[in-house]
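Asks: Combine the two chains into a complex, taking the hints into account.
Below are the chains, spelled out letter by letter.
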Amino acid sequence: MKSIIERIKQNKFWQFHGGIHPPEQKTLTSDKPIRQLPLPKQLILPLQQHIGRQGDLLVKVGDKVLKGQALTQSKNPMAVPIHAPTSGIVSAIKKSVIAHPSGLSELCIFIDVDYEDTWQPRKICQDFSKLSQQEIIKKIADSGIAGMGGAGFPTHIKVNTKPDINFLVINAAECEPYITADDLLMCEQSEAIVDGIKILDQLLNPAFILIGIEANKPRAIKALQHATKNIEKINVCVLPTKYPTGGEKQLIKILTGIEVNSGTLPIHSSIVVQNVATCFAISDAIINDIPLIKRVVTVTGQALNKPQNVWALLGTPVSHLLEQTGFSSEENTSASNLPITSSPVIMGGPLMGFSVLNELVPIVKTSNCILAPRRTEMPSAFDGNSNEVECIRCGQCSDVCPSQLLPQELQWSAKAKDHQQLIKLNLFDCIDCGACAYVCPSQIPLVQYYRVAKAEIRQQQQLDIKSEKAKVRFEARKLRLEKEKIAREEKHKKAAASRKATMNKKSSDGGTASSAVAAALARVKAKKLANNKENESSASNDEVELKEESALPSSPNEVQDEKSEVKAAIARAKAKRLAKNKVSPPAEQTTAGEIKKVETSSNNADDDKKIRIDAAVAKAKAKAKANKEHVIEDQPLTSIEDEIEVSPQAEDKKARIAAAVAKAKAKAVAKKEQAKQLKSTNKESE
Amino acid sequence: MNILIAILVLGLIAAFFGAILGYASIRFHVEGDPIVEQLDALLPQTQCGQCGYPGCKPYAEAVANGEAINKCAPGGEDTIKKIADLLGVDVEPLDENHELDKGPTVAFIIEEDCIGCTKCIQACPVDAILGAAKQMHTILIDECTGCDLCVAPCPVDCIEMRPIPETIQNWQWDLNKIAVKQVE
Chain A
1041 MKSIIERIKQ NKFWQFHGGI HPPEQKTLTS DKPIRQLPLP KQLILPLQQH
1091 IGRQGDLLVK VGDKVLKGQA LTQSKNPMAV PIHAPTSGIV SAIKKSVIAH
1141 PSGLSELCIF IDVDYEDTWQ PRKICQDFSK LSQQEIIKKI ADSGIAGMGG
1191 AGFPTHIKVN TKPDINFLVI NAAECEPYIT ADDLLMCEQS EAIVDGIKIL
1241 DQLLNPAFIL IGIEANKPRA IKALQHATKN IEKINVCVLP TKYPTGGEKQ
1291 LIKILTGIEV NSGTLPIHSS IVVQNVATCF AISDAIINDI PLIKRVVTVT
1341 GQALNKPQNV WALLGTPVSH LLEQTGFSSE ENTSASNLPI TSSPVIMGGP
1391 LMGFSVLNEL VPIVKTSNCI LAPRRTEMPS AFDGNSNEVE CIRCGQCSDV
1441 CPSQLLPQEL QWSAKAKDHQ QLIKLNLFDC IDCGACAYVC PSQIPLVQYY
1491 RVAKAEIRQQ QQLDIKSEKA KVRFEARKLR LEKEKIAREE KHKKAAASRK
1541 ATMNKKSSDG GTASSAVAAA LARVKAKKLA NNKENESSAS NDEVELKEES
1591 ALPSSPNEVQ DEKSEVKAAI ARAKAKRLAK NKVSPPAEQT TAGEIKKVET
1641 SSNNADDDKK IRIDAAVAKA KAKAKANKEH VIEDQPLTSI EDEIEVSPQA
1691 EDKKARIAAA VAKAKAKAVA KKEQAKQLKS TNKESE
Chain B
45 MNILIAILVL GLIAAFFGAI LGYASIRFHV EGDPIVEQLD ALLPQTQCGQ
95 CGYPGCKPYA EAVANGEAIN KCAPGGEDTI KKIADLLGVD VEPLDENHEL
145 DKGPTVAFII EEDCIGCTKC IQACPVDAIL GAAKQMHTIL IDECTGCDLC
195 VAPCPVDCIE MRPIPETIQN WQWDLNKIAV KQVE
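Line by line, the protein sequences are chains A and B.
Under this note's numbering, the residue at position 675 of the first sequence is numbered 1715, and the numbers go up by one with no gaps.
Under this note's numbering, the residue at position 160 of the second sequence is numbered 204, and the numbers go up by one with no gaps.
I should point out that these hints are in silico values taken from the structure, not numbers from a laboratory.
Computed from a predicted model, the values in this text were never measured in an experiment.
Glycine included, each C-beta is placed from N, C-alpha and C at the ideal position.
Do not take every clue at face value.
[What the hints assert, rightly or not] Okay, the calculated beta carbon distance ranges per label pair:
(1) B:Leu184 to A:Lys1134: 24 to 30 Å
(2) A:Lys1546 to B:Phe152: 43 to 49 Å
(3) A:Tyr1155 to B:Arg206: 42 to 48 Å
(4) A:Lys1523 to B:Arg206: 30 to 36 Å
(5) B:Gly110 to A:Ser1302: 40 to 46 Å
Isolated chain B (complex conformation) (with noise of 0.2 Å):
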C-alpha cells in the first residue's frame, strides 16, 4: 500500500513537472539556430568563398552541422581558436589547401584595360563594384572585402589584389620595431 501511494506521489510530481517543461519548451521556443548566428558572427565576413561555402553564413551552417573549422583562410589562426572555444573543440591548423592570408588587401581595377564586361559585378559577394555594360568598372574600396573573387572572372585580367596602405588612421604600434623607450 506504502508503495503504492509512494508511486503515485512520484507519478504526480512527475506529471506536474513534465507539464511544467512542457509548457515551457513551447512558451520560450527559440526560432532558428542560435549557433549559427554565433559562429557567423566570429567569421570576417569577407564573403570569399575559400571555405568551399558561397559566403559566411553557409560556412557557419556548414560547422553547425559538423564541418572542419579550420577553412576559413582570412580569418586564420585566431577565427579558428575563438571557433574552437564557442564549440568546445580543438584547435586545429589551418587547412593546407588554403595558402595563408596575406594581410588585408582591396581589389583595384586597372581602368585603362576594363572592357565593361560586368563579371566581376556579377562575382562581387558584397555589390563593391561599380559599373555597367561597356562602362568603365570600378571598386569602392570602404565596401571591399578583399575577397579576390573578381579576380578570376576577369576576362582581360584588369583586376588586383593590393595591400592596403598604412595610414596613421590604421596605423600599429609596432613594440618589435620602435625601439620602446622608458622615459624619466
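The shape of chain A in the complex, shown without the other chains (with noise of 0.2 Å):
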C-alpha cells in the first residue's frame, strides 16, 4: 500500500486496457457557470429513482408539502426517501412516464409548484464532527442519497461498512463526451465538496482518500487542490484523458493497480468509491439539512441555443430545461409544435445514455445531462434504423473493452440466445460503456445486444426461481394430500373397527341395542315428517305437496330412508325457489321441469354426479332460508315478496345466491349438454 500512495505522490498510475477517446465536446458548457433555473410549473417525481425499492407513499392529493418534505418512507434498508424539491400542492399520484429506456409509466407524485419555495423547518448542524457515526448514517438514508454518477445504489448502504478500508476514491473524473456537470460543482462547490468527503472520512476512517480527476479540468483540478492543500490525507489525482475512466472498477484498476475480481465488488477489495456529486450532497444533507431535491444537470447539444449547465430540482420535466436552453428544432423551429417528437433528445450522455420518448420525463437523482444533438453533430440519433452490417472480426472491440472481454464472441452468443454460453464469457462483467460500438466498423450496435440479453438472463433467472419455488409448493402439497389420505383411511378404519366391536357387543347384549337404535330412527322420523307438514301448511304450491307425496311413500323403507331424505330437501329447496320466482311465471314452469327431472334422475340408483352436487348446493341453501325464515317467524311462505320488502339487505344477499347457484347450475347444465352432444357426435361416428 505504501508503495502505492509513492507512485500517487510522483504522479504515476496505472492503466485499464482499453478505453477510446471520442471528441470531448466538453467546451460548450463547460465555461459557463451553473445557472439557477426559474421554478417550473409541476414537478413530476417518480416513487423509484434508484436502484432498489420504493418507499411508501406518506402525503395524498391535495396536500400541501414543504420543500424538503418527505413523501415517501420506508422501512426497507434498499429503500430511498424523495422528498418535495419545493413547496406546492400535490396535484396527482397516478402513473407517469419515467426516466427509463423502455418509456414504461411508473407511479409518480405530481405536485403543482406555489412559487413560494417555503422551506420545512431546517436544523443546521454547525459541526458535523460531534455526530456519531450512526446519527450520519440516518441523515444520508433519510436525505433520500443514492449514488448520483449513474446506477444511483442507495448511498447509506455503501458507508455503513464495517471492515476497515484502505482507499475511499472519490470519482470526479467524468470521462463522458459533452458532460460537465461534476466539473462545474467542482470550480463552484469545491469547499462543499471537501466537507463531504470529510464527513465520508469520518464515517470509514479510510488510509487514504484519492480523488481521480481527469486531466481535461483545468479549473476544477485547481479548486480542489486549494480547497485539499491543508489536508494530508487526500489525494488529487490528476489522470490521462481517456474514456471509460469513470468506470468505477477502471478508476479503481488506474488509482491503485487494484483489480475487482468479477463478481465481487469494490468493498470487497477495502475500497470504497463516491462520486463527488454524490459528495456534495451528503455535506448539503448533514451541515445544512437539506435533502436531495436538486442536482446540478448539462443541458447541452448543437440544437441548443444556450447550452448550459443548470441546477435542476428533481422532477423537472425534460421539456421545461429544454425551453429554459433554447431548444430549437431543426425539422420546425415553430414553438407550438412539441420538441421532442421532432429530433431526439438523449437522457445521459451520448454513450450509455437512452432517448427519451416523451417531453414530460423528469429528472432524477441519476440523470446527469439532457443532450439535444443536431442532425450534423450525430447523424446516427436521427435515423430510425441502424447501418448495422455484417461482423468482419477486425477485433477492434476487443482491444478497446475495458473489462476484457471478447464482444464479438458475446455478439454471437447474444444473437443466438446462447445464456449459458453469455454466462461463461462473463457478460455480467461489461458495464455498457459503449466503447465496442463506438469502434465498431460495420456499425453493430454491441452494446444494445448486451442489454438484451442481460435483462433476458435476469428474466430467466427470475422464472427460475419461481418454478423452484413451485416445484417445492407442489411437491409439498402432494405430501399434504398423500398425509391426509392416508389419515383419513386410518380414521374410517378406526370407525369401521368400533362399529364392528359394538356390533359384537349388541348382539352379545341382545335387543337392548338394536331396540335403541330403532327407537332413534323413529324419532329421527318423527320429527322430519312434523317438519315436512309444517312445510306443507305453510307452503300452498301444489307442486310442493306432490313431491312430499312421492317422497313420504318411501319413507318407510329403512335402506331408502336417506334417498328420501335427500329428495325431501331438493324438494323443498326447489319449493322455495319456486315461490320466489312466482313473480315470473314462466320461469316457474321452467323450473318445475327441471325439478321433475331432478327427482327422476335422483330416483335413478345411479344417479349424476352434478346433479348431487347442484342439490347439495339447493340444500345448503334452504337450510340458511329456513333459518333465517324461523327468526322472521311463521309468515306464509307464500308472501316472500313481503318479506322481501322487510328486509332489503337480506334481499339483496339472496338474489346475489340466487344469481350464483343459477350461474352454476346453468355452467352444469351446459357442460351436460356438451357431453351429451359428444357423445351423440360419437356415436354418429360409429
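Replies: Here it is, written out as C-alpha cells:
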C-alpha cells in the first residue's frame, strides 16, 4: 500500500485495458457557470429513482407540501425516500412516463408549484464532527441520497461498512463526452465537496483518500487542490483523459493497480468509491439539512441556443429544461410544436444514454445530462434504422473493451440467445460503456445486444427461481394430500373397528341396543315428518305437496330413508325457489320441469354426480333460508315478496346467492349438454 | 498347452475385472432415475396438467418412459428443444391439441362474485389460493404459475386469467421496436 501511495505521489498511475478517445465536446458548457432556473409549473417525482425498492407514500392528493418534506418512507434498507423539491400542492399521484429506456410508466407524485419555495423547518448543523456515525448514516438515509454517478445505489448502504477501508476513492473523472456537471460543481462548490469528503472520512476512516480527476478539467483540479491543500490524507490524482476512466473498476485499477475480481464489489477489496456529486449532496444534507432535491444537469448539444449547466430540481420535466436553454428543433422551428417528437433528446451521455420518448420525462437523482444534438452533430441518432452490417472480425472491439471481454464472441452468443455461453464469457462484467460499439466499423450496436441479453438472462433467472418455488410447493402439496389420505383411511379403519366392536357387543347384549337404534330412527322420522307437515301447511304450492307425497311413501323403507331425505330436501329447496320465482310465471314452469328432472334422476340408482352437487347447493341454501325464516316467524311462504320488502339487505344477498346458484346450474347444464352432444356425435361417427 | 494357459490367463483377468465392475456397481449405485430429475428441471413447473399428467414431475417420468416430448404447452418450443437435446431425439412441433402459450398470465378472482366454495383451492396445484368455506378467496400472485386449472372448477366463473403487466422490473428490450441508435 505504501508503494501505491508513493507511486501516486510521483503522479505515476496504472492503466486499464482498452478505452477510447471520443471527441469531448465539453467546451460547449464547461466555461459557463451553473445557472439557477426559474421554477417549473409542475414537478413530477417518480417514487423510485434508484436501484432498490420504492418507499411507501406519506402524502395524498391535495396535501400541501413544504420544500424538503419527505414524500415517501420505508423500513426496507434498500429503499430511499424522496422529498418535495419545492413547496406546493400534490395535484395527482398517478402513473407517468419515467426516465427509463423502456418508456414505461411508473407511479409518480405530481406537485403543482406555488412559487413560494417555503422550507420546512431546518436544523443546520455547525459541527458535523460531533455527530456519531449512526446519526450521520441515518441522516444520509433520510435525505434520500443515492449514488449520483449513474447507477443510483443507496449511499447509506455503501458507507455503512464494517471492515477496514484502505482507500476511499472519489470519482471525479467524468469521462463521458459533453458532460460537465461534476466539473462545474467542483469549480463552484469545492469547499462543500471537501466537507462531504470529510464526513465520509469520519464514517469510513480510510487509510487514504484519492480523488480521481481527468486532466481535461484544469479549473476543477485547481479548485480541489486549493480546497484540500491542508489535508494530508487527500490526494488529488490527475489522470490522463480516456473513456471510460469513470467506470468504478476502471478508476480503481488506474489509481491503485488493484483489479476488482469479477462478480465482487470494490468493498471486497477494501475500497469504497463515491461520486463527487454524492459528496456534495452528503455535505448539503448533514450540514445544511437539505435533502437530495436538486442536482446539476448538463443541458447541452448543438440544437440548443444556450447550452449550460443548470441547477435542476428533481422532477423538473425535460421540456422545461429545453425551453430554458433555447431548444430549437431543426425540422420545425415553430414553438407551438412539441419539441421532442421532431428530433431526438438523449438522457445521459452520448455513449451510455438513452433516447427520451416523452417530453414530460422528469429529471431524477441519476440524470446528469440532457443532450439535444443537431443532425450534423450526431447523424446516427436521427435515422430510425441502424446501418448495421456483418461483423468482419477485425477485433477492434476487444482491443478497446475496458473489462477485457470478447465483444464479438458475446455478440454472436447474444444473437443466438446462448445464455450459458454468455455467462461463461462473463457478460455480467460488461459495464455498458459502449466503447466496442463506438469503434465497430460495421456499426453493430453491440451494447444494445448485450443489454437485451442481460435483461433476458435476469428474467430467466427470475423464472427459474419461480419455477423452483412452484416445484417445492407442488411437492409439499402432494405430500400433504398423501398424509391427509392416510389419516382419513386410518380414521375410517378405526371407525369400522369400533362399529364392529359395538356390533359384537350388540349381538351379545341382545335386542336392547338394536331397539335403541330403532327408537332413535323412529324419533328422527317423526321429527322429519313434523317438519314436512309444517312446510306443507305453510307452503300453498301444489307442487310441493306432490313432491312430498312422492317422497313420503318411500320413507317406510329404511334403506331408502336417507335417499328420500335428500329428495325431500331438494323438493323443499325447489319449492322455495319456486315461490320466490312466482313473480315470473314462465320461469316457474321451467323450474318445475327442472325439478321433475332432478327427481327422476335422483330416483335413478346411479344418479348423476352433478345433480348431487346441485342438490347439495340447493339444500344448503334452503337450510340457510329456513333458519332465517324461523327468525322472521311463521310468515307464510307465499308472501315472500313481503318479507323481501321487510329486509332489503337480505333481499340483495339472497338475490346474489340465487344468481350464483343459477349461474352454477346453467354451467352444469351446459356442461351436460356438451357431454351429451359429444356422446351423440361419437355415436354418429360410430 | 499354450492355448490352455492363454485361456486360463484371460479367464482370470476377466474374472478379476468382472469382480471390480460388480463391486463398483454396488458401491457406486445411483438411487432413482437421474434422467427424470434432469427432465423435471427443464419443465416450466407450472403444474398445469395440459400434457395430460398431473404435474411436471409425472410428465417427466412419462417422457423418460417414452412419452412424446411435445406436450408441454407452457414450455413451448424452447422446452421441446431442450428435452430433445437431453434425450438425443428429434425436435417435434408442439402437439396440435395444445393451443400455443399466450404468454405469462396469473389468475385473478373477481372478488364480488366469489361465493367461497373452495373448489378452486382444491384445484390449485401450488397452493396459491387463499380462502376458506364461505369466505372470499384470493390469489397469491407471486405463487401463481398461471396454469388455468382453477378456472374450470369455479361454479360462478369468477376466475379469469390476466396477463402479467409489464413493469420496469420485468421489461425486456425489444430491438425491433426501439430504433437502435449508435451514438458517437
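Asks: A range of 40 to 46 Å was offered for this pair. Does it hold for the Cβ distance of Gly110 of chain B and Ser1302 of chain A?
Replies: Since the Cβ atoms of Gly110 of chain B and Ser1302 of chain A sit about 43 Å apart, the hinted range of 40 to 46 Å holds.
Asks: Between Leu184 of chain B and Lys1134 of chain A, is the Cβ distance one that fits in 24 to 30 Å?
Replies: Because 27 Å falls inside the window, the suggested range holds.
Asks: Starting from the hint 43 to 49 Å, judge whether the C-beta atoms of Lys1546 of chain A and Phe152 of chain B obey it.
Replies: The hint (43 to 49 Å, Cβ to Cβ) is violated, given that Lys1546 of chain A and Phe152 of chain B are roughly 56 Å apart.
Asks: If you check the beta carbons of Lys1523 of chain A and Arg206 of chain B, does the distance land in 30 to 36 Å?
Replies: The hint (30 to 36 Å, Cβ to Cβ) holds, given that Lys1523 of chain A and Arg206 of chain B are roughly 33 Å apart.
Asks: Taking the beta carbons of Tyr1155 of chain A and Arg206 of chain B, is their distance inside 42 to 48 Å?
Replies: holds, 44 Å
In summary, the structure is inconsistent with hint 2 from the numbered list given earlier, while agreeing with all the others.
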